[in-house]
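As you go down the protein sequences, you meet chains R and F in turn. Sequential numbering of the first sequence, starting at 1, is according to full-length UniProt numbering. Sequential numbering of the second sequence, starting at 1, is according to full-length UniProt numbering.
In case anyone wonders, no lab produced these hints; they're calculated from the structure. Wrong hints could be hidden among the right ones.
Claimed, not checked - Derived pair list, reagent style DSS-like, types lysine-lysine, alpha-carbon separation capped at 27 Å: (1) 101(F) - 124(R); (2) 204(R) - 101(F); (3) 77(R) - 212(F); (4) 187(R) - 26(F); (5) 93(F) - 212(F); (6) 94(F) - 77(F); (7) 124(R) - 77(R); (8) 77(F) - 204(R); (9) 219(F) - 156(F); (10) 156(F) - 77(F); (11) 94(F) - 26(F); (12) 77(F) - 101(F); (13) 77(F) - 212(F); (14) 219(F) - 94(F); (15) 187(R) - 219(F); (16) 93(F) - 124(R); (17) 204(R) - 118(F); (18) 37(R) - 77(R).
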Amino acid sequence: MADFRSQLLRIATSLVRTHGFTREALSRSVLELPAGKAHSEPLSDSAVSSLFGIGEYARKSLIEAWLNEGIIQMASKPSSSLSHVLHTRLNYNEPVLPYLPEAFALLASPERGLPPLDPRPALKHAARIADEASYISGDTSSQLSWYTHRASLAVMYSCAELHQLTSPETAHAFLDSLLTGSSAFEKSLDEVHFFSGYVLQSWKGILRSRGIL
Amino acid sequence: MFSSSTARRLSRYTNRRFLASYAYTKPSSPSDAAISTTPLDITDEQRAALDSALRVDQAGEVAANWIYYGQHCILGKQPVTGPLIQEMWDQEKKHLEVMNKMQLQHRVRPTILMEVAKIGGFGLGAVTALLGKEAAMACTEAVETVIGEHYDDQLKEMESLPSNHPSVPLMREVVKEFRDDELEHLDIAVTNHAQRAPAHALLSTVVGAGCKVAIELCKRY
């Protein structure tokens, strides 16, 4: 049953561009099954509820499946260029841009009352893309820089994606400007770190010459 | 005929060509699946266990490096103890190099407590070294006892991982090699009068308990 559900979700993600993140897309997924298994009628509403959840839970399942498919798409076009990987992910959004604002709003809606917005799905989405992009581009950061590299990528990608929702034509250029600015910032941080190392060595030398160390 | 530590050293010397860690430190083929890929056909529980195991191993090697750094800062110039600490520290540097590569290979999140591990390790090494060379050796004895047991427990957990992926048998061999190295450090510490340290029992208990707490924290965070 779990395999059948996963298969239908995968098919439904390809229907999002025509039907949006809707229960209808899930319902019609059975029509696109391989020959011999395809149904002649879409699933009933009760069947969609029993397979994917009642009400908005079903839509949330579809949105999450679509986001997972986005990660798989990133990995299917490996590149050593981080910029290329992130642009690929932005391209994945393009066919379904009109439906994305509502989809993200739905994910951020809490299941119960308070708080009014749940930031965790957005953070998880950005973190997954940052991690996958780092892996595909061959990033070798370790220890604390593993976190700082991914955090900065997540922020940049999130900004570019939000920009894409309002101004899709300039989204890729905006992402490029963020990546360029970030690498300049990283170089400055490295230089500060290097200089601090020199200062520390000088202090050590002074303390040794005074017999303190 | 030989003590267990001497036997281990002799065995290590004769088998030096076959150290598992050479796959990472002297790779003959960088694209070898054993050092460049991670098993994908494992359950979520196995993946979580593998993640936390490698995370804590990497953190442990970072902490060990900084403990020896702290000890070396204080005792590095001593004619006997200095070179001993340097030798053990060099081995830990190699361990850390391998763990860093395994962390990337298996896409493991490193612990967020890495900086705490560095500061804590340096502080522990420096403070025990200030108490004297015996106390420094007692610290090494306590830490390596906990680490040796920890690696042993990990080897038992790793038995459940599928051996059909080439990285898994290599990982087991690397952990075995590092466990033996840590136990060798333990022997060195005992041979160099760790048990003559002032308040040896208290020092060992406190350091050992601290290591166990650090292991549990790094597994999760």
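Structure-based check of all given hints:
Of the supplied pair hints, the one linking residue 101(F) and residue 124(R) holds, its CA atoms being roughly 25 Å apart against a limit of 27 Å. Distance hint between residue 204(R) and residue 101(F) is unfulfilled; the C-alpha atoms sit about 32 Å from each other, more than 27 Å. With a CA separation close to 43 Å, the supplied pair residue 77(R) and residue 212(F) exceeds the 27 Å bound. Taking the CA atoms of residue 187(R) and residue 26(F), the gap is about 31 Å. The hint is violated against a cut of 27 Å.
For a cut-off of 27 Å, the pair hint linking residue 93(F) to residue 212(F) stands: about 22 Å separates their Cα positions. For the proposed pair residue 94(F) and residue 77(F), the alpha carbon gap of about 23 Å is at most 27 Å, so the pair holds. Under the criterion of a C-alpha separation no larger than 27 Å, the hint pairing residue 124(R) with residue 77(R) is consistent with the structure, at around 22 Å. Pair hint residue 77(F) plus residue 204(R) holds up; C-alpha atoms about 16 Å apart against a cutoff of 27 Å.
Restraint check: the Cα-Cα separation between residue 219(F) and residue 156(F) comes to about 17 Å, which is no more than 27 Å; the hinted pair holds. Our distance criterion of 27 Å between C-alpha atoms is broken by residue 156(F) and residue 77(F), whose separation comes to about 40 Å. In summary, the hint linking residue 94(F) to residue 26(F) is supported, as the alpha carbons are separated by about 11 Å, within the 27 Å threshold. Note on residue 77(F) and residue 101(F): the hinted pairing is violated, with a Cα-Cα distance of about 32 Å set against a maximum of 27 Å.
The suggested pairing of residue 77(F) with residue 212(F) is violated, with an alpha-carbon distance near 31 Å, which exceeds 27 Å. Taking the CA atoms of residue 219(F) and residue 94(F), the gap is near 22 Å; set against the 27 Å cutoff, the hint holds. A C-alpha spacing of about 33 Å is found between residue 187(R) and residue 219(F), which places the hinted pair above 27 Å, so the restraint is violated. Of the pairs offered as hints, the one joining residue 93(F) and residue 124(R) is violated, with about 34 Å between alpha carbons and a cut-off of 27 Å exceeded.
This hinted pair checks out: residue 204(R) and residue 118(F) have alpha carbons roughly 19 Å apart, not beyond 27 Å. Straight-line distance between C-alpha atoms of residue 37(R) and residue 77(R) comes to about 30 Å, which puts the hinted pair past the 27 Å bound.
In this structure, the hints that do not hold are numbers 2, 3, 4, 10, 12, 13, 15, 16 and 18, in rising order.
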